[in-house]
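Position chain B relative to chain A; hints supplied.
There are 2 protein chains.
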Amino acid sequence: MRIALDASGTDGAPGVEVEGALSALTELDDVSITLVGDREAIEAALVERGATASGRLDILHAPDRILASDSAATAIRRKPDSSIVKGLQLHRDGEVDAFISAGSTGAVMASSLFLLRPLPGVDRPTVATTLPTIGAPMILVDAGTNVDCKPRHLVHFAHLGSVYARDALGVEGRPRVGLLNIGEEPEKGDERSVEAHALLAADPRVNFIGNVEGRDVIKGSCDVLVTDGFSGNVLLKFYESVAQYVVGIVKTKLDEIDVQLDYQRTFSMLDYSEYGGAPLLGVNGLAVICHGGSSPKAIKSAIRVAADAVRNELVADMAAEFADRDTSKVLEGEQSA
Amino acid sequence: MRIALDASGTDGAPGVEVEGALSALTELDDVSITLVGDREAIEAALVERGATASGRLDILHAPDRILASDSAATAIRRKPDSSIVKGLQLHRDGEVDAFISAGSTGAVMASSLFLLRPLPGVDRPTVATTLPTIGAPMILVDAGTNVDCKPRHLVHFAHLGSVYARDALGVEGRPRVGLLNIGEEPEKGDERSVEAHALLAADPRVNFIGNVEGRDVIKGSCDVLVTDGFSGNVLLKFYESVAQYVVGIVKTKLDEIDVQLDYQRTFSMLDYSEYGGAPLLGVNGLAVICHGGSSPKAIKSAIRVAADAVRNELVADMAAEFADRDTSKVLEGEQSA
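Residue numbers (the numbering used here), protein chains in the order written: chain A, -6 to 330; chain B, -6 to 330.
Pulled out of the complex, with its shape left as it was, chain A reads as follows (with noise of 0.2 angstroms):
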């Protein structure tokens, strides 16, 4: 398979994507990869690392590159040349099997809905990212893409977090799907959490487990964790800070009484640079999100995230999910939402 990874997206690019690149070559057998972006700058990167665009690796030549500050719904039209349109339109036009980018979020959200265009059936498309817990991985969905969710909306993203579960964590059967609120009871929460609740019970395809509190997340009650994307980036942000604080309290008691851990290996669960990057569901494609802070390591993670995913036929697998189910509950949704 061919994948293509934008070259401009991490705080460090190009070489950070170029390392990342490198590393998952020598890693992934079945892998090619197009590095899309500045052909120059990642020419250097590439010498510098004593390496050259050759065999399983080229080079789209992507002049422009999407800022945060730019308009994530604009950027398309008015950067043509960036390298999440050009990488985007290769996915497309069926040259590579998905595209990776640690640009701006919205910009890959918005090009992608434009270029790949959202799965029959699917009006939100989403971001799903993994989150480590006392037990297995919990899928947690939507984390920051969609804020302003409707009750139906958080219906959708249950069915394509399962869908994503199955595939992507090897979750066997039918994955529990919990929806987060603050408190266990159907009537607990705020407006939409209620309706959403209802919907969610009302759907056989789903299978519901309930409300899911706070304090319940790190438990891994369920395999998927729904929410907007609102209160889902203030969770998954907040993780990933307050696991690091509590590390940081631990090597400090630890140095004072000259005690040495392993603090890598006994946290790795913590360490998100193992999961890498989260694809887009809900689009007719394969886009692979990753963060603007990756590391190298961050960014071989997630040409693996992409890999497995194109291996899994996840964009099949969540066309399925909404060509054959029952949409009379969706529309019920849509009235009372």
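Treat each hint with caution, since some may be false.
In this list, chains with the same sequence are indistinguishable; a pair is considered to hold if it fits within one copy or across any two.
With a straight-line cut-off of 25 angstroms between C-alpha atoms, the simulated SDA-like cross-links for lysine to any residue are [claimed, not checked]: (1) Lys212 / Gly286; (2) Lys246 / Gln82; (3) Lys290 / Gly5; (4) Lys246 / Gln257; (5) Lys230 / Ala191; (6) Lys290 / Arg208; (7) Lys181 / Leu106; (8) Lys181 / Arg70; (9) Lys143 / Glu188.
Hints in this document: simulated from the structure, not taken from any laboratory.
Same frame as chain A, now just chain B:
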């Protein structure tokens, strides 16, 4: 001063409350306590601990108890002999300076609104809680009471939280107020956040520092973190659990290599029982709410919280904040919200 303590609130009532009260009495010389609950059960719990209701400790008989399953809105009429209603009446009648309960938060909120009344200018009283951070502790407001908020309510929370930060945390001058959001820029977030950002930025009485992302919470980048009760509650409960989780990993690891650590001391800043209770902000009186799972130590801390608030005249300060403020900004918010 005299403080009424609901003796039927915690999961271990009335023993936990009685133990917390006895411990507070030895520590706080100027505090007298009225235990509100079933007289016989309280007396038995006192005898068990070699104490009696005398001196600075007395009992108000309240045979009934509002349960989590009771409707908070109607409990006050249906259960006039409950500890929550009896205790709040005692406070309303000026017999005690504060009321503390670890019972149903919804019932304490509803009964306080009815018996104590909101302060003029406040239409959504709120519960703030104190979050430990790397720097100074931070006031999180709302912590779970108001889930469907309008942007102008978040402005109220900013004012109430600022007064509380000055009174309870001793923040000097004008506390820094941040808005919990999913990006730094003013236009980031859901509709509510974008509008709240504009209102807060335009309010000359709020020392608004802008949006605070999930990852910045732990840094203590503001004194008062404003958010709706949904996100606030998710954040709060998640924080408690993830800290326990990471400490658990450390403990397992250190046990393996046979290293002893005083966990309670090392992680004392993560110990919520240090913070105890959260006063209801924006009502004409002092009602302090505790976790249902409170320990005797947490109850003692809540009594200290209440005593501090009485000494600092928190209620008068909140009334002053709303009495002499420029309400035009709020009205502006009201129209657009």
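**Request:** Find the hints from earlier in the document that the structure breaks and name them by number, from lowest to highest.
**Result:** 2
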